[in-house]
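Numbering-wise, this note's numbering puts 1029 at position 108 of the sequence shown, and it's gapless, one number per residue.
Hints should not be assumed to be uniformly reliable.
The calculated lysine-lysine pairs, modelled on DSS-like cross-linking and capped at a C-alpha distance of 25 Å, are [unchecked claim]: (1) LYS990 to LYS1001; (2) LYS992 to LYS976; (3) LYS1013 to LYS992; (4) LYS991 to LYS974.
Everything labelled a hint here was simulated from the structure, so no lab data went into it.
Computed from a prediction, not measured in an experiment: that's the story for all the values here.
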Amino acid sequence: MPFSSKPINPSPLHSRLKRNPALFGVPFLLIIIGASFGLQTFTQTRYDLQDQKVKQMSSEQALGLDRKKKKFDIREEYYKLSAAGEQDWEPKRIARPDDFPELGVPPTEPPVKP
């Protein structure tokens, strides 16, 4: 004989939900809808801040700052630097920090482990 699906001691809540399943579904839907309305103010604040950022960018564009700016071209910069190589200039070495090793030279001391 197969097992029966009826519990031996059914709880009153279980029997009520079995008779009327809306007792579980309606409060669940009310919580979901209420949370949506509750989070609406936070979502609106997020979109307002994003809108302010966009308006700031459009004011810079209205001033015409982007029109004056030239597009960057790596080839053009290369030609400028190669032409500057013919000028009279001398490379100067910048002092490195004490803890930074020289490139291409083996370290004189073993590395310090923290």
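Hint by hint, here is what the structure shows:
Annotation: proposed proximity of LYS990 to LYS1001 holds, straight-line Cα distance about 18 Å (limit 25 Å). With a C-alpha separation of about 23 Å, the suggested pair LYS992 and LYS976 falls inside the 25 Å cut-off, and the hint holds. Restraint check for LYS1013 and LYS992: the C-alpha separation of about 30 Å exceeds 25 Å, so the hint is violated. Under the criterion of a C-alpha separation no larger than 25 Å, the hint pairing LYS991 with LYS974 is consistent with the structure, at around 24 Å.
Hint violations for this structure: number 3 only, all remaining hints satisfied.
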